[in-house]
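Participant: Sequence:
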Amino acid sequence: MSDYLVIVESPAKAKTIERYLGKKYTVKASMGHVIDLPKSQMGVDVENDFEPRYITIRGKGPVLNDLKKAAKKSKKVFLAADPDREGEAIAWHLAHSLGVDDERPYRVVFNEITKDAVKASFKEPRKINMDLVHAQQARRVLDRLVGYNISPLLWKKVKKGLSAGRVQSVAVKMIIDRENEINNFEPEEYWSITGNFKHNKKEFEAKFYGIDGKKTELKTEEDVQGILKKLDGNSFKVDKVNKRERKRNPALPFTTSSLQQEAFRKLNFRAKKTMMIAQQLYEGINLGGKNGITGLITYMRTDSTRISNTAKQEASQWIEEKHGKEYLGKQTQAKNKERSQDAHEAIRPTSVHNDPKTIKPKLSRDQYRLYKLIWERFVASQMAPAILDTVTAHLLNEGVEFRASGSEIKFKGFMTLYVEGSDDQKKDDNKILPPLEEGIQVEAEEINPDQHFTQPPPRYTEARLVRTLEEKGIGRPSTYAPTLDTIQRRGYVSLDNRRFIPTELGIIVIDILKEYFPEVIDVEFTVNMENSLDGVEEGSQEWREIIRNFYQDFEKHLEKAEEEMEKIEVRDEPAGIDCEKCGHEMVYKMGRYGKFLACSNFPECRNTKPILKEIGVNCPKCKEGNIVERKSKKNRVFYGCDRYPECDFISWDKPIERPCPKCSSLLVEKKNKKSTQIKCTECDYEEREQN
3 MSDYLVIVES PAKAKTIERY LGKKYTVKAS MGHVIDLPKS QMGVDVENDF EPRYITIRGK
63 GPVLNDLKKA AKKSKKVFLA ADPDREGEAI AWHLAHSLGV DDERPYRVVF NEITKDAVKA
123 SFKEPRKINM DLVHAQQARR VLDRLVGYNI SPLLWKKVKK GLSAGRVQSV AVKMIIDREN
183 EINNFEPEEY WSITGNFKHN KKEFEAKFYG IDGKKTELKT EEDVQGILKK LDGNSFKVDK
243 VNKRERKRNP ALPFTTSSLQ QEAFRKLNFR AKKTMMIAQQ LYEGINLGGK NGITGLITYM
303 RTDSTRISNT AKQEASQWIE EKHGKEYLGK QTQAKNKERS QDAHEAIRPT SVHNDPKTIK
363 PKLSRDQYRL YKLIWERFVA SQMAPAILDT VTAHLLNEGV EFRASGSEIK FKGFMTLYVE
423 GSDDQKKDDN KILPPLEEGI QVEAEEINPD QHFTQPPPRY TEARLVRTLE EKGIGRPSTY
483 APTLDTIQRR GYVSLDNRRF IPTELGIIVI DILKEYFPEV IDVEFTVNME NSLDGVEEGS
543 QEWREIIRNF YQDFEKHLEK AEEEMEKIEV RDEPAGIDCE KCGHEMVYKM GRYGKFLACS
603 NFPECRNTKP ILKEIGVNCP KCKEGNIVER KSKKNRVFYG CDRYPECDFI SWDKPIERPC
663 PKCSSLLVEK KNKKSTQIKC TECDYEEREQ N
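Here the numbering used here is used: the first residue of the sequence shown is 3, the next is one more, and so on.
Because the hints were derived from the structure by calculation, they are not lab data.
Just to be clear, a hint being listed does not mean it is correct.
List time: in silico BS3-like cross-link candidates among lysine-lysine, alpha-carbon distance up to 27 Å [what the hints assert, rightly or not]:
1) Lys161 x Lys611
2) Lys204 x Lys245
3) Lys77 x Lys41
4) Lys664 x Lys158
5) Lys158 x Lys569
I would like the entire structure built from these sequences, with the hints used as guidance.
Facilitator: Pasting the structure below:
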């Protein structure tokens, strides 16, 4: 047996660390928590000042026994769980289970799994941080009091399998509130006037601004006609040309929240998938050769944007070598948000020299895509701002003013490498104007009025919801992915075109919570509770006191709900068709992957089938069936024949009704953010139109 035992959470992390520590160290994995509150009961003694009742997790007995044997044979035990509340709690439970001396420093933490970081952490072990442990314990107890008291009520009064939680309930309420905003939205009419101009054979566009220098809104067609009557022909004078230089700064390195948002926008990754792949990159990938298993990114649960000086210097050297000195950014330190975990760094590559192209063969496709995103964001954050030349031209005709705007990139700076994504898919505004001088005349070839209507606020995507939760201070970085996963698994929300829609079940549950447990879905209450838990972590608040204050009112609401809540029957929505197996009516059900059809005679009849949406195209393979829209288990849309399995035609691209004009084969539609492309599946015929 080696002199020293090191315990981490996962086998992947154990392999990586063992490489760095040498033969005197044995590294074992606890496989996460070994001690926790029991699943079958609340596990909190309310009468004994909310004392938690911990047990060995079912199935973890052999793991714990193996660790105990190894600990007895070792001179010293080091606990190297992740550097957060959860990791501190795992270390604390292991210390008690293994009989480790509380007075000796045995806790080691590192923000990145690299040789230097790991070795440095073992030179400075510390004692367990009980403030972190108490903060995690308070959260667990609080969530148990809410979940294990309200959930049985929902099971009894609504239907089995339901749950309620602090953050998940607030998230569902936000989705419902947004849906109500959309349903209650009353569009308002407004108009715009666009002129298509030409100067020196170059075309450009200008929009109506106002009259006599004052911005004027066009609310009706009469307003538009009034403006058009004022115009004297199509000749406009260039009254003024404003030119200025504008800087665009790079985005800060990733936090957990911003990584989840950007991975959703650019890679179409769900939050859960992003965190799973980030964990793999953090714990280590086998790069082969001398490198072996190497941790590629720093710890991925953080709300700090801080970067170490060593990482900054390494990035600066790389930027100067690859792009030149003019591409170096100023080495300023971003200000972190209040209460951010500044002990952690932002999410960044452990070494900028592990560039994505070089190590791509060693990574899976998804690992490569996420690592490339993290690497480029970090390096770009250390680069110089982009410089844009912007021009605004004021065009006048009888006091009627049109304005044309354009910009041109003068110096790309960080934009040579990376540009942050956006939730709002807007057309590119970087239009270049022809050279315009004050006093010259330009001709409008067309002047087109357009009617518009104001649009309701958009439904939440995962990225929008994560951003809003973070902005409001609801939950913490590590809670977002499991929260979004839970509200979908419970059937409280569904996804339509990557946007959340509340289900009838979700609306019923939130209405119950509004009436009987208003504090659980109150945003301000949830934010204040998060701040209180942060106070426990900082040592400024006592965790039991927070729980006591919460439980006083909660207990009263619980008693009232037990007495007054009536049973609610959630009826399945009829589908309007009969079951082909038993003749009973088919109904819509909500499953993990969205809605599906099921027989209302369940459990006697277990017939189920997916909801098929016809697209009006005959099957090109069997000529008998119709093409229908289906969804894969990963919620990706594809197209197949409704005679499946007799006909196995399948297409990821949407077939269209008309045949190829060149060879009469099937045409399919391919869409992206900028254009719609129609391609033949057999020959090289294609069409393209801008969106």
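Participant: For every hint, state whether the structure bears it out.
Facilitator: A quick look at each hint next to the structure:
This hinted pair checks out: Lys161 and Lys611 have alpha carbons roughly 23 Å apart, not beyond 27 Å. Distance restraint check for Lys204 and Lys245: the Cα-Cα separation of roughly 19 Å lies within the 27 Å cut-off, and the hinted pair is therefore satisfied. A distance of roughly 35 Å separates the Cα atoms of Lys77 and Lys41; the hinted pair therefore is violated under the 27 Å criterion. For the suggested pair Lys664 and Lys158, the alpha carbons sit about 64 Å apart, so the restraint of at most 27 Å is broken.
For the proposed pair Lys158 and Lys569, the alpha carbon gap of about 7 Å is at most 27 Å, so the pair holds.
Hint check: violations occur at hints 3, 4; the rest are consistent with the structure.
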